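**Student:** What follows is the residue order along each chain.
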Amino acid sequence: MAQLDLSEKLAILSDAARYDASCASSGTARRDSRDGKGLGSTEGSGICHSYAPDGRCISLLKILMTNFCIYDCAYCINRVSSNVRRARFSVDEVVQLTIEFYRRNYIEGLFLSSGIIRSPDATMSDMVRIAKRLREDEAFRGYIHLKTIPDAAPELVEQAGLYADRLSINVELPTERGIQAYAPEKNPATIRKAMGDVKAHKAVANDRSFRGKRPKRFAPAGQSTQMIVGADGSSDATILGQSTQLYGDYGLRRVYYSAFSPIPDASANLPLIKPPLIREHRLYQADWLLRFYGFDVGEITAGRSDGNLDLDMDPKLAWALQNRAVFPINVNRASKELLLRVPGFGTRTVGRILQTRRHRTLRYEDLTRMGASLKKARAFITAQGWTPGALTDSADLRARFAPPPEQLSLF
Amino acid sequence: MYTIPLPQIGTDVAWRDAAKRLIGAGVSPNDVLWDHGGNMGELFATGTPLPPPTRRIKAPQSFVQMAETVVWHKDPQRFARLYGLLWRLRHENGLMQDRADPDLARLRQMEKAVRRCQHKMKAFVRFRDLRQGGERRSFAAWFEPTHHTVEPTAPFFARRFADMDWMIATPDVTVQFVDGNLSFHPGQPKPDLPEDSAEALWGTYFCNIFNPARLKVQAMTSEMPKKYWKNLPEAQHIQSLIAGAEEKVQQMREAGPTIPPDRAQRILDRLHQKDPDVDE
Ligand code: SF4
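Protein sequences appear in the order of chains A and B. Counting with our numbering, you get residues 1 to 411 for the letters of the first sequence. Counting with our numbering, you get residues 1 to 280 for the letters of the second sequence.
Same shape as in the complex, but just chain B (with noise of 0.2 Å):
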């Protein structure tokens, strides 16, 4: 029996280098336990050396790809299910294209759930202004993701919020771009971040731009599940938008029409004599 610990940060490449040499040395799954930050404590931590690998074993480029994404799902069993998958991919040509093997299906849809967690945290993360002074601007977020997609995801902020420096705290890594480096850092509590009065502009936006006429609240929580509702400032928003809802569309309807402002007509005089083409 073979324990391969991972650590919390630089998961993907530990568990691929492990799994390189396992897979060549022709290790079954059977024998692996695979061991996350961690997790499983002195009792499992035996010291047994790797065997040499003997032969390099060739995956399949959809395999690695995918591996490289199910590798941050939350599932302690991931790390597992690859490696048994990659044991299979040895003598089983075209599973990758089998998309109805149980297998192969249970990992795409984790990759899925991870893809969907890392798009999230492109949407749902928001910033708060720390008033720093200084050269560039610095900004910082408190996010609780479902899966472990800081890493993976950070290089994206990277790319957008490259002017800036800013750090995301989540409860197990925590990840700073201070002038244009990417760090991570062990996770964290969540920090007290300073007010940020664009945050009631904001709600305003949000409470003006919806339309009380056309209510579809499953719409809204199938796209932002209530577990993200307590880091997003807008959502303290929903409640009453959703209840005053009715009474607001009930006003509109009730109102009628109104008489048109004095300058309507005078303006619209202006507009048709001066524009020969718009009215015949």
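With the rest of the complex left out, here is chain A (with noise of 0.2 Å):
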């Protein structure tokens, strides 16, 4: 094979990286460079450098170390039985293009994650000596996310959170069977034991010794994971419930749905049929009302027989409308339990209304101020000079809210 010069590996490792739909780098410690003898800083929140025409925020230098891999994942463009063309970074050579691109202020960071060469180990502690040599030789401050390999050595696993803000350990597939289908080398158990390690190495760091001293700190940023959505046949039910538990049981930050994309040389083994994107983003939007607006798994779900979500409206929306003996509810009097439970009101708006009325009596044209989407929130609510009447009740509230039918597919 000819050799391929740093433009073309780049090229092949990042098209290999773009099925991993995480990129953020928020949260984690604050750090800063100003004592001059570093590079880099991260402050909260982090920030999206650039957008790609697919939507996608550009935070990360997202790349594979190698897409060489001996598994044969089917969805995965990098398994041993595909025919991708097939590259390999040294050390230095993401060393040098993580810092390169950083001090002209494309990324906030390093994202990688790797196929798996020779053996798990092998290849987790090439990627440990990776992130080792960006924080200890360039003393780089940014944000580094490392993809763990499940089987690799717990030690490994250790020292990557030393240095890591993040570590990820994709669960790939919502079910054990949709694994051992369409993963067969990777084992669920191993999986699960590999987040237990990251949870019980995390609260072992936030503990204090007798002496106080604090241990080193291990991957701020928390753990996050990835499910790809639309490859095996699970529900949206199934889907939300394993993340219930993943957030529960490992304290995860993040659960990632990633719609299963077609892939150049896919495999034969995969249902060809690709799931419309839209049902990866009412994934996404009843996650949230499940970490932040107080749903549970089962009330959003509930709604359709088969266990998946409206794909024709929000979660929050479609909960309303099957559930509209709760309203309309007065906004100047609901509590925050259910001010958050009305459509087209988010967590800021809420916060806003219970932060006004202690000082008067909100309006109906107040909410727009407040940032409301009166569009959707009007038929639930009353306030002053405002009352839905017969609107919350009418048969026809649903049609007004479902999009006109229309040829949804791209192709």
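Just so you know, these hints were derived from the structure itself, not from any lab. None of these values were measured; they are calculated from a predicted model. Any given hint might turn out to be false.
Keeping only pairs whose Cα atoms sit at most 20 Å apart, straight-line, the calculated EDC-like set for lysine to aspartate or glutamate is [unchecked claim]:
| no. | chain 1 | residue 1 | chain 2 | residue 2 |
| --- | --- | --- | --- | --- |
| 1 | A | Lys336 | B | Asp98 |
| 2 | B | Lys122 | A | Asp32 |
| 3 | B | Lys216 | A | Asp314 |
| 4 | B | Lys122 | B | Asp172 |
| 5 | A | Lys37 | B | Asp165 |
| 6 | B | Lys122 | A | Glu100 |
| 7 | B | Lys20 | B | Glu135 |
| 8 | A | Lys37 | A | Glu138 |
| 9 | A | Lys186 | A | Glu337 |
| 10 | B | Lys248 | A | Glu138 |
| 11 | B | Lys122 | B | Asp35 |
| 12 | A | Lys37 | B | Glu92 |
| 13 | A | Lys216 | A | Asp137 |
| 14 | B | Lys216 | A | Glu8 |
| 15 | B | Lys230 | B | Asp192 |
| 16 | A | Lys375 | A | Asp296 |
| 17 | B | Lys122 | A | Asp312 |
| 18 | B | Lys112 | A | Glu43 |
| 19 | A | Lys216 | A | Asp32 |
| 20 | B | Lys216 | A | Asp312 |
| 21 | A | Lys37 | B | Glu135 |
| 22 | A | Lys37 | B | Asp98 |
| 23 | B | Lys248 | A | Glu8 |
| 24 | A | Lys186 | B | Glu68 |
| 25 | A | Lys375 | A | Glu365 |
Beta-carbon label-pair distances, calculated as ranges [to be verified]:
| no. | chain 1 | residue 1 | chain 2 | residue 2 | range |
| --- | --- | --- | --- | --- | --- |
| 26 | A | Lys216 | B | Asn93 | 44 to 54 Å |
| 27 | B | Glu68 | A | Pro184 | 53 to 63 Å |
| 28 | A | Arg324 | B | Gln239 | 46 to 56 Å |
| 29 | B | Lys112 | A | Lys375 | 15 to 25 Å |
| 30 | A | Tyr284 | B | Glu254 | 28 to 38 Å |
| 31 | B | Asp75 | A | Asp396 | 35 to 45 Å |
| 32 | B | Gln176 | A | Glu176 | 55 to 65 Å |
| 33 | A | Ala399 | B | Glu246 | 42 to 52 Å |
| 34 | B | Glu92 | A | Asp249 | 49 to 59 Å |
All C-beta atoms in this analysis are idealised placements derived from N, C-alpha and C, irrespective of residue type, glycine included.
Join the two chains, each given in its own frame, into one complex according to the hints.
**Tutor:** Pasting the structure below:
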């Protein structure tokens, strides 16, 4: 094989990384380089330095160390049985690319994952070496996210957590059956154990010792995972149930949902139906409702007998339409919990309503200025000067929100 | 009538000092003209000295913080709007908590616009390597912000890029960071910056991280409006990525499954033998 130059490798190894949905660089420890002895900073919320025409934020240099892989996961372009072009970065190349991109303000840091070469341990230790060189030799204080290889030795994962802001381990598919069918070399128990280890290391790192000394910080931005949606037959209820469990059991910061995307050289084992991207979007909305709006999985997915979310409208609106007896609620008196259930009210709007109504009675017009989307909310609330009358219970209310029937497919 | 001149650099401090004196002396908003960067010219340069303050007025912390951001908005009325609200705050307790007051809502909106502009500046400034040798590396960028955001945003760059020298030139202010010291200078026309080969690599990355199967142009432009594109090296690829997306997806679909390379089965056999855990 001809030697690839840096640009060709970058093309191959970023192409291979594009199927990972996460590009977040938020929520880590605050650092800067004001002492003049290093490069970089992290300040709470990460920055999207660019956007690709797929609408996704580009915050990190998201690449694979190599796309050679000895595993054969059906949904993955890098599986051993695919004919994709292969490449491998040296440790030095990844370090230099990260630093030079960072200095030009292209990125917040590095998100490194890898196909599995030789063995899980060999792969993981190369990844750790990259992170270590960035931190120790280059005094890099930007963001580092390492995708952990679940089968790697626990010591390597522990080291990774000392250099990285975030560790992630992909559960890949929502059910064990799905993993067995489409990622036969992977083992659900090993994946869960690796997540458990990360959680345990974090807990230890947060404990002060008797002398009050804090051990070195361990992955301060926590751990996340990704699930592929639409490759196996799991319903949204199954997927969200799995997420709830993951958030609870392993203290995950985020679960990412990635609509299975047609890949070049796709495996013949896969269903070749492309799940609509809107499904992924609805899952994120539902995930949000679970974490910040006090909903539980059962409520959100109760609307349909197949356990899937309504693709025509957001899950909160769908829930409200199913539970009209709760509405209309009075914005001047309703509890925070109820306000959070009004379609068109976000957490911020609810905060503003609570703040302002301490001083005076809210009128309908006030709500727009507080960021509410009244097009959605009006049927579900009363305020001074506004009552929805029969609107809340009108038979055609759903039709007002559902998109007109149209050709949905791009193809 | 008092005309208050406000400088281009250090606008925030100058406005706050003037507002403090005016409010302390009980000068009504109707009697104040704010002149930013000498835009009003000689005509309004009345030399009326400010009256001495008669008392100290306290403003809520939330107002002070909001004003610190709003002064950088490009709306020429921003100083008057802020002073108008400060005037009302003397008698209206709780005004800052009223999220529906139109004057306050307008200022909050302006605050948000400046914050967004600052955020976009942090995101979209693109440095080029000046290749000057020396102990510290040096970089420079040309940027065109919507509001006057260079000054309030510069400390962010100083915290982040502290081990190098850099300059961000803009039409109204230029900021320099040399040997750890931040300084502001008048704006300038777009400078000629040397080519930087890293931009081609960055373009390669941009093109390949894009997934043509998920084209969502609107989602991109709402976060990265076209007005920024001319100073973003990666943006030159956007048109062709969009134009070629459908064809790429079509090719993928038509290509169909291929026969696995010879090595695949060998590797898998070895793997499954060696690791009894994996496959029972
Ligand atoms: S382990 Fe599976 S998902 Fe990961 S790179 Fe290899 S084939 Fe792809």
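**Student:** Checking against the hints above, which ones are violated?
**Tutor:** Hints 7, 9, 10, 11, 12, 14, 16, 17, 22, 24 and 33 contradicted; others consistent.
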